[in-house]
Structures are given as structure tokens and as C-alpha cells.
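K.L.:
The residues making up each chain are set out below.
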Amino acid sequence: MTLHLFYFLSFLAILCALMVVLEKNPVHSVLYLVVTFFAIAGHYILLNAQFLAAVHIIVYAGAIMVLFLFVIMLLNLNKESEFHKNNYVKGAAVIAGGLLLVILVGALKGTASLPAPEASVGEIGLVENLGQVLFKQFLLPFEIASLLFLSAMVGAVMLGKRDTK
Amino acid sequence: MSSIQTIHINLYILLSSVLFCIGVMGVLFRRNVIIVFMSIELMLNAINLLLVAFSSYWNDPSGQIFVFFVMVVAAAEVAVGLAILIMIYRNTGTTDINVLNKLKG
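Those protein sequences? They're chains A and B, same order as listed. Residues 1 to 165 (the numbering used here) are what the first sequence spells out, left to right. Residues 1001 to 1105 (the numbering used here) are what the second sequence spells out, left to right.
There's no promise every hint is true.
To be verified - Ranges of calculated distance between the beta carbons of each label pair, as one might list FRET restraints:
#: 1; chain 1: B; residue 1: L1011; chain 2: A; residue 2: I58; range: 21 to 31 Å
#: 2; chain 1: A; residue 1: L126; chain 2: B; residue 2: V1099; range: 47 to 57 Å
#: 3; chain 1: A; residue 1: L3; chain 2: B; residue 2: G1093; range: 44 to 54 Å
#: 4; chain 1: A; residue 1: V157; chain 2: B; residue 2: L1011; range: 36 to 46 Å
#: 5; chain 1: B; residue 1: V1099; chain 2: A; residue 2: L22; range: 20 to 30 Å
#: 6; chain 1: B; residue 1: G1093; chain 2: A; residue 2: N129; range: 45 to 55 Å
#: 7; chain 1: A; residue 1: N87; chain 2: B; residue 2: D1060; range: 38 to 48 Å
Claimed, not checked - Taking lysine-lysine pairs in the DSSO-like style, the calculated list, with each CA pair at most 27 Å apart, reads:
#: 8; chain 1: A; residue 1: K79; chain 2: A; residue 2: K90
#: 9; chain 1: B; residue 1: K1102; chain 2: A; residue 2: K161
#: 10; chain 1: A; residue 1: K90; chain 2: B; residue 2: K1104
#: 11; chain 1: A; residue 1: K90; chain 2: B; residue 2: K1102
#: 12; chain 1: A; residue 1: K79; chain 2: A; residue 2: K24
#: 13; chain 1: A; residue 1: K90; chain 2: A; residue 2: K24
Quick caveat, the hints were computed from the structure, so don't treat them as lab data. Here the structure is a predicted model, which means the values were calculated and not measured. Where a beta carbon is used, it is the ideal one built from N, C-alpha and C, also for glycine.
Between the sequences and the hints, there should be enough to build the whole structure, so can you do that?
P.N.:
Here it is as C-alpha cells:
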């Protein structure tokens, strides 16, 4: 059952990821990317990372994709994009990506097989345990991340502002 | 009961590799900046999936905390990147990356 669900979600994720790259209309690409994100969230739930799955859906499908859609609508790009690379460059891109995949799979085949996973002790993916780790062990990185967010927010507002000179 | 007990970790590594390579291919393949951004998101998500899989494998919550920080960086990157994209569109009237070769000597 779990294996079938894994194969279904993997197939969905890979298919929609390919459609993101190959689809000509940017709006369709965004919608396929949302489906990919939902498939990955399904993987998180299978892996017992329930809180992360919820955060993933809220942040990616809820915030980042809406930002993408806003920009596409704002710039009026919701038509088939007319500029395309020539076939020579496209073939080179496919070959480069395929070779990278071959190298990664080859490296995976070359490694010694990993030991069996440790028996799970408690639910590490629940909000209580993650909060304990985040606010005790990783408090300083958490605060630095908030600084990064602040600077990104200021930078986005500064860049998006029209020059009033 | 986590699925890592029944599904071999190699399958997760394989899935993440495929998603990552699709992202790399997208960056090389397309000329629309928005699609390039989406491909970068795809690559970050492939890495996140692998981090969660190994976090579940070793029973270590640190991997899932790292995924949070990757999400933070991805959100900041998208906000700044799309602001830059709007600036570029205002100045050039297109989102084609081939017009952005002004730094080329």
C-alpha cells in the first residue's frame, strides 16, 4: 500500500515537473508546479513529517506560487511565450541534464548499501518535537533567518518602488 | 509508522536526483526568467525531499529543521528575485534572459 502510494506520488511529481519545464504558457507552468508541490507534501506525510507537510503547502502553494501568479498577471505574460532557444541549445540542455542524472545514479550505484533504518522512537515530525529542537538547539540560526527575512522584505520594497525623481 | 521502514532509501535518492535534474534542465532549457525561477524552486524542493527522507532514516529532527531554513531562504529569494524581475520588465519590456547580456564585455 505504502509502496503503491510512493510510486503514484513520485510519478505525479516527475510528470508535473517535466510539464513545468516543457509547458509554453507560464500560467500552466505555475499550476503544474503547484501539483508537484502537493505531491512532495504527500511524500512528507508518508515520511511522518506532518508539520513540515503543512508548512510546505502553506508556504509554497499558498505564498510563493501566489506571488508567481501575481507577477505573471501583473506583467501580462499569460500567453504563450514567443521567445525560445534554438533547437541546438535545447538539445545541449537535455543532454547536460541527462548526463548529470546519469552521473548521480552512477554514484548511487557505486556506494555500499546503507544499513537498515533505525527503529523510530516517537514522532520526530510533530510540532512539539520540532519546536523543542528549533527553539533550543537552533535558536541563533532562527533569529538570523528573521534578519534575512527583514532584509529581503526591505530589498523587495526598495527594488519594486518606482523612481520618483 | 514511517514509509522509510518499507521503502528503500535509494528510491528516495533516485526520486530527488530526477527532480533535481529536471530543474537543472529547466534552467538551461528555457529563456523566460519566470520559468527559470520555477526550476530553481524545483531544485530546492528536490533537496528538501532528500533532507526529510534522511531525517526520517536517521531519526534525527535536525534535517527537518534545515528544511525550514531552506524554505526561508527560498521565500526570501523569490521575493527579491521577482522584484528584480519587475524592474527588468519595466526597463526592457520583456522577461527574456537573452536581453540581459549588457554585462557581457
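K.L.:
Each hint needs a verdict: does it hold in this structure or not?
P.N.:
Against the structure, the hints:
Under the hint 21 to 31 Å, the C-beta atoms of L1011(B) and I58(A), about 27 Å apart, fit the expected range. For L126(A) paired with V1099(B), a C-beta distance near 49 Å keeps the hint of 47 to 57 Å intact. Distance hint check for L3(A) and G1093(B): the Cβ-Cβ separation is about 51 Å, which falls inside the suggested range of 44 to 54 Å. At roughly 43 Å, the beta carbons of V157(A) and L1011(B) sit within the given window of 36 to 46 Å.
Checking the proposed 20 to 30 Å range against V1099(B) and L22(A) shows it holds: the Cβ atoms sit about 23 Å from each other. For the hinted restraint 45 to 55 Å between G1093(B) and N129(A), the CB-CB distance of approximately 51 Å keeps it satisfied. Look at N87(A) against D1060(B): about 46 Å separates their beta carbons, and that is inside 38 to 48 Å. Taken as a hint, the K79(A) and K90(A) pair is honoured in the structure, with Cα atoms around 21 Å apart against an allowance of 27 Å.
Of the supplied pair hints, the one linking K1102(B) and K161(A) holds, its CA atoms being roughly 23 Å apart against a limit of 27 Å. Using a Cα cut-off of 27 Å, the hinted pair K90(A) and K1104(B) holds, with the two alpha carbons roughly 22 Å apart. Restraint check for K90(A) and K1102(B): the C-alpha separation of about 23 Å stays at or below 27 Å, so the hint holds. For the suggested pair K79(A) and K24(A), the alpha carbons sit about 8 Å apart, so the restraint of at most 27 Å is met.
Our distance criterion of 27 Å between C-alpha atoms is met by K90(A) and K24(A), whose separation comes to about 14 Å.
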